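Enquirer: The lines below spell out each chain.
Number of protein chains: 2
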Amino acid sequence: MTHLEARPGEVELDFDPATETDASVMFIGHIRSPWKRGDCPANIRKARERTCEAWIELDPRLVQGLNGLKVGQQIVLIYWMHETRRDIIVQSPRHSEGTRGVFSLRSPLRPNPLAMSSVRITSLDPDRGNVGIDAIDCFDGTPLVDIKPWVPTIDLLPDE
Amino acid sequence: MTHLEARPGEVELDFDPATETDASVMFIGHIRSPWKRGDCPANIRKARERTCEAWIELDPRLVQGLNGLKVGQQIVLIYWMHETRRDIIVQSPRHSEGTRGVFSLRSPLRPNPLAMSSVRITSLDPDRGNVGIDAIDCFDGTPLVDIKPWVPTIDLLPDE
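Chains A and B, in that order, give the protein sequences.
For the first sequence, the tail end lands on 160 under full-length UniProt numbering, and the numbers increase by one without skipping.
For the second sequence, the tail end lands on 160 under full-length UniProt numbering, and the numbers increase by one without skipping.
With the rest of the complex left out, here is chain A (with noise of 0.2 Å):
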C-alpha cells in the first residue's frame, strides 16, 4: 500500500494535490486494527475473512456525538488513508489487467485519501469514546473524519 514508486503505464500528475488547501480536515479519532504495513487485508471483504478486533477511539472532546447510535447498528466509516501518494491519477491495479483512472477504483491512492466501509457496530462505551466494529481494512491508528449512519434510501438506488 505504500506504492511509492508509479508502475507502468500509470500517470502521475504534475502537481501534488496535498499542496491544494481548499479546506482542513480535523482527525475526529483513531481506527485501533490489528493490521500493520505489509499485513494488511486489501479490503473490507477480506478483513471479515480473518480474526479481526477493531474499534474506534473518538476524541474525547466529540463523544456527545456518539449519542443516538446504538450496538447492532450498520454505520459508514469515512477515514483518511494518511501514508499514501495522492498524485497518481491513472493507476495498475494488482487484482486486475491493464490501468484504469482513479476514481473507478477504490484504492486509497487518490487526491483526496479518502476510505470508506459500512461496518457494524459491536460494542459502544460513549463516555470513553470507545465503538467496537465488526472489521476494518486499514492500518492500526489511522485518521478517521467521519461517522455516518447508514441510511437505505440514501446509500441504495431506488428499483428501477
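For the record, the hints were derived by calculation from the structure and aren't laboratory data.
This structure is a prediction, so every number in the text was calculated from the model and none was measured.
There's no promise every hint is true.
Copies of the same chain look alike in the list, so a pair counts if it fits in one copy or across any two.
What the hints assert, rightly or not - The list that follows gives simulated cross-link-like pairs (lysine to any residue, SDA-like), each with its CA atoms no further than 20 Å apart:
(1) Lys70 x Gly98
(2) Lys46 x Pro152
(3) Lys70 x Leu157
(4) Lys70 x Ser96
Could you slot chain B onto chain A? The hints should help.
Expert: Below, chain B alone, put in the same frame as chain A:
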C-alpha cells in the same frame, strides 16, 4: 440549511473544528444542480422526486481519473458542505423529536462537512470532465472531494 443559531437543546463545541487543520482537502471539482438556498431537497430521496438536471464538473487536471467509469454505473459522491457550521455536536433535527449526536445523523453540519450519496451516471464526457448524475441534494456549485465506484462487498454488510 444555514442553521446559524443553535436550536434549543443543541450542544455547541467550545472550539471550531474548522480551525483544526490535521490534513488538507483538494476540491476535485464542483456539483452543478438546480438548487439554491431555500429550495434544496433535504436528501437524495427527495431530490429524486423532483425533476433535477445535475452533473459534475471535474477539475480539468484530473479528467484522466474518470477512465473506466461507464454510463449506468452506480457511484458514490463525497462532497463538502462548505457553507455549514461544524461545531454543533448534539443536534435537534427538524424531522424528529428530541436531540441526537451528529454521528447518528446525516446532517450536513458536522466536524468535517462531508456529505455522501449513491447516484447513477447518466452521461459521461471525459474530455470535458463532465459526468451527468440522476439526482443530487446540494446547492449548485458545491465542492466535490471524491468519486468512488459503488462496490457491494464494501458498501453492503454481508448476510449474517
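Enquirer: Now tell me, hint by hint, if it's right for this structure.
Expert: Now the hints, each set against the structure:
no. : hint           : in the structure
1   : Lys70 x Gly98  : between (43 Å within a copy, 16 Å between copies)
2   : Lys46 x Pro152 : between (24 Å within a copy, 13 Å between copies)
3   : Lys70 x Leu157 : between (25 Å within a copy, 16 Å between copies)
4   : Lys70 x Ser96  : between (38 Å within a copy, 17 Å between copies)
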